[in-house]
Amino acid sequence: MASNSKETSPTATEEPQASESHEGFTKPQNEDARPDPLDLPDALEFEQTFKVYRGGTIKHDELGFDTDTLLRIYRNMLLQRRFEERSLQMYRKQNISGFLHLYIGQEAVSTGAMQSIDVGEDTVITAYRDHGMGLAMGMDPNACMAELFGKKDGCSKGKGGSMHFFSKEKRMFGGHGIVGQHIPVGTGIAFAHKYRGDGKVCLTFFGDGAVGQGAMHEAANLAGLYDLPIVFVIENNEYAMGTAVHRAFADPDLCKQAVPYGMPASIVDGMDVFSVTKAMRDHVAMARQNQPSFVEVRTYRYQGHSVSDPANYRTKGELDQKKGEDAIIRLKSYLVQHDLSTNEALDDIDDEVKQQVLDAIDFAENSPLPDLEAIYEDVYTQDDYPFLA
Amino acid sequence: MAELQFREAIRAAMTEEMERDEDIFLIGEEVAEYDGAYKVSEGMLDQFGPKRVVDTPISENGFTGLGIGAAMNGLRPIVEMMTWNFSFVAFDQILNNAAKIRYMSGGQFSFPIVFRGPNGAAGQLGATHNTSVESFYAHIPGLKVVSPSTPNDSKGLLKASIRDNDPVLFLESERMYGLKGEVSDEEDYVLPLGQAHVVREGDAVTLVANGKDYYIALEVADRLAEDGHQAEVIDPRTIRPLDFDTIIASIKKTNRCVIIDESNPFASLSSEIAFQIQERAFDYLDAPVRRITAKDVPAPYAKNLMDYYMPQADDAYQACRDVMYL
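Chains as they are written, first to last, in the working numbering: chain S, 1 to 389; chain E, 1 to 326.
Okay, chain E solo, but in the shape it has when bound (with noise of 0.2 Å):
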């Protein structure tokens, strides 16, 4: 195990992919002589060249369809957005283009594409720059969609990723970049996609999180310990396909789930899984399933504003208090 920062694990899975198979490139905004506008790509222009690490204009929709239209023949392009927020001008080429074609042709193609980059807040920046995608591309339908949590999981998830033969969306955080986190340095490191991981077992209350989240859940789990009840706590590292059995399997053990979602609540990835919970496991349900999001508003500016819209450690840790009714 080597220890990592979360932005050296990713750099780590991509050029360990680039170094093994040629039809593998990097393309966005600043990737190359830039280094990465989060330093990500950093070095990777002296290592792989000006054709395989490719600086684009601001221009989203444009190199978002290019990397697109090179899957489609041949290529296994990896598409980075400075962050998820200006994903929304190349919407229609990952809706229509990228999640859709291989239907509409009938399986005659394949997008073995990924586009990666920082998704939800990052902070004081106001509502453009705050937005948390999960929901809006774990809708569609031919997409995958994966969410790490910690740095050794970003690398085993990227180079799943890159190797699937359908087009992956990978969303990562500007918050997290600096966290360190020991990385496996096993020889071809690869995480499947589509498993959840149970981080923490417990009995009490199941806690489910992804990304920035992950470590509110955990620190809940903590205060939770210290008042001698044991949470289990589920990363489903993978949103679209989600992992349901492991988290149902887990609320027939603790009769009781909090999901904390940074994205807003309305038709959010916790709606989701509080459907599929009273879907499959309503029986076994000793409280109603609540869930920590960010505020039904646009992010604010203000810090305090700020605090209060993003999820908060307290008011998760109440939730799980309510549900075991403490």
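Excised from the complex, chain S in its bound form (with noise of 0.2 Å):
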């Protein structure tokens, strides 16, 4: 643990408690306490450990799961998926334009981290990857899919695409699609949670890329200056578009970019479901003592960065490999092996989630598309704005 943090365990699994009113963000100038710099030490020793969270390792009553908590995981994770391989063959005939970002195979990371959160009470925002979080946080999947439709009912009312769902209700706060640009963003969400001392946290996505970006470290930088109730979460699916990790960063181990912030991180493995839980429970416990921290969520995505990607840069098998660890197929097993379902049960359950797919597409079908004035609407909450022509 760095030296400079504050004394909380990883592994802390108490009641999460309300954020204490906070005296203030600004430091005071003169503290008594201060060392003098030029007291320099013989050396300066530094030693931080990061808690790995491996897949296979918890099991689910460990994390509380029931039967039902357990079916309604399962089927929310089948969502994600079914609603993006229609959104592919829906893009290929034409129906969904621009940029279609899919996030198939790491839907664990999203159906796990939203165990660990009060959704709608708490905040979440991401990046473009962004569909399989929205549906995680109980979006509508019709509203989502005429979102890709770019029709009115869409969840953004058709104005913001693939890469821009959001959903007030939900305290979903985007969909982002600017690598990192939204981090300093969830900075001020949490920022904002810790002015008012309501006791929520911010949960804040971005994918392995966005390490890269100087707006990652100015918010963590702030986050831990201020101790914001935030969470920043890494997904690592290995590559930044085309570039591997290994191709991008100077120290491939992305966690520790929580080292020059003061803050503790953990590695986890984004294919299973039940560690991604744990991982995120415990630092969203962090969270609610004002303790910013970093989760590297090792996970990988099948499809290339947009669809129009074939994803050559891949070594052979690779993709075959990490189709095996498979994040549905691992809870599926567990579920049978465990006895908490039938194989004919949970394939039940695929039908109905694919049927509620097909009539997501009915509906954003049957959805009209917005109204041309709609195009001046929402710029401003001022109703009479003097737009130019």
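Since the hints were derived computationally from the structure, they do not count as laboratory data. Here a beta-carbon is modelled for each residue, glycine too, at the ideal position from N, C-alpha and C. A portion of the hints provided could be inaccurate.
The calculated BS3-like cross-link candidates involving lysine-lysine, where the alpha carbons are at most 30 Å apart (straight line), are [unchecked claim]:
#1 E:K252 <-> S:K168
#2 S:K27 <-> E:K159
#3 S:K168 <-> E:K51
#4 E:K180 <-> S:K27
A few chain E positions that, by computed beta-carbon distances, are all more than 12 Å from chain S [stated by the list, open to error]:
#5 E182
#6 A225
#7 D314
Assembly of the complex is requested from the two constituent chains, each provided in isolation within its own frame, with the hints serving as guidance.
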């Protein structure tokens, strides 16, 4: 543990507490205890241990998951996958335009993380690969599909598209298209939680590629400085577009990015929804005590960066090997092996989910296009803003 | 009325609004312990405490984004840029987040946030510290841009900006912070955004100028008056949305226009005003619209070059005489 981080165990599992009302963010100018920077030690030693949440090590009952919850989790992960498989099909049929970045393979991350917070009260912000996160948060698949179709009933009224899902009701703060630039915004969302003393936390998700952006580092420093209730979640899916992590970072252990900001950090197997849940709960508990932290979730995306990417940069056999660790198959096997469900019952859920997605496509197809007058709506709150022609 | 410096009028606006609404806070470099790089926020840490007057590291991208996130989550931040010259490392935050998230979310989120600080040239500081940002930011749908020219206006316009539920960029000036003027001590003095001020009425030529150039326009109007010509001087006050109606009404009376604009000339505020005039009042013009701007180069250091770079009253005066065919 870093010498300058708070005495908060990364394994803390006690009931989360509401953050205390804070004295302030501005640090006093002259702290009596401040050591003389020129009073140098013989050597400056530093050590930090990063907890690792390996896959297959955590049982469902340790997480308090009953059968209903487990089936709900399974259903939601499947919903994310089937939704995106159909999205890809709809893209190829040209019902969906623009970029389409698919989350397939990463569903355990969004789903596990949502088991760690109070969805609709706590806040979430993520990058452009956002369909899975929206669905994990309970956004309506109909509205999500309609958004991809650019329709009036879309979750952003057809004005955002694939990269810009938002739900104020679910406290889903987007869906952001510029790599890393939403991370300071997440810090500000957490700042507002602490300012109000509402006891809520903000989960800020971003990909491995965003770690190279200055915005991430500025945001992390501010979160560390102001002790904000935030968890920075690096979804390391091994590739920033086509650039593998080891080709982009001097140190590919991205969790170590927490070190200069005085934060604890963990590494998690992102192909096991239980590991993700456990890790995220531990880190959310820290956030509730105003201890910001990093979680590096090691995951994998099966599709290319976007649907136009054939992903020729993968090594031979890599994709098949990763699919062998598939989080949904893993959960299915677990449920059957532990007599929590049967293959037949789980296949029935799959059929229901597939139908739900087909219904979403019907909804999207039948939703009207936005009215042309809507182009001037939602730019300003001011309703008589004098736009130029 | 009380005589206040520009910086005191801005402070009064922030203080009154923060007393009124707990959700408003001030954040930026040196705003708290240092009392503000230009002493605008002097004493505010003592009054409001370290929760509501927040010092930041030198991290414009970070704290600008933080302010945007805080606004998105229900607070009403005032983000101080030590100068607008430093805002460009946070440009993406303003362009893509403050201005566009509302739209991209179909209106689910709003951004009641003010970004404020000194704009434009502040002397012999070289090219990095002398950028006039009006046209950069006024270009962006989703933002409002305000440029007060007097202490009184700065108070009324800043209070309106803080109360506005859309992101407002408030452009001050290092050169004007010490300027004194009569400021309304009306209990709740608010000037609406988007309304230009006809500062001086006349029929000979319309002068449009904001910020420091407002004072050049007044000087030019005085000189023209000595020649027997009454210039109409318009201070836009708000750059986006610009009150074109007031300018066009004036052109229809004077049939002539000279714009003084501290920005570099290409694709600038003056370009847009001139375009709007030709579109809406072409038949009323008796002469081409003229403009006096900064030169089309980076700001230089040497005093003679810097003086030459900036809009000059002599040039504006001559331009007025030219459009009057004198």
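Hints, verified against the model:
1. For the hint linking K252 of chain E to K168 of chain S, the alpha-carbon distance of about 48 Å lies beyond 30 Å, and the restraint is violated.
2. A distance of roughly 28 Å separates the Cα atoms of K27 of chain S and K159 of chain E; the hinted pair therefore holds under the 30 Å criterion.
3. Taking the CA atoms of K168 of chain S and K51 of chain E, the gap is about 26 Å. The hint holds against a cut of 30 Å.
4. Of the pairs offered as hints, the one joining K180 of chain E and K27 of chain S is violated, with about 33 Å between alpha carbons and a cut-off of 30 Å exceeded.
5. Non-interface status of E182 of chain E relative to chain S is upheld: no Cβ of that chain comes within 12 Å, the nearest being about 30 Å off.
6. Even its closest Cβ contact with chain S, about 33 Å, leaves A225 of chain E beyond 12 Å, as expected for a residue assigned away from the interface.
7. Chain S leaves D314 of chain E outside its interface by the beta-carbon criterion, the shortest separation being 33 Å against a cut-off of 12 Å.
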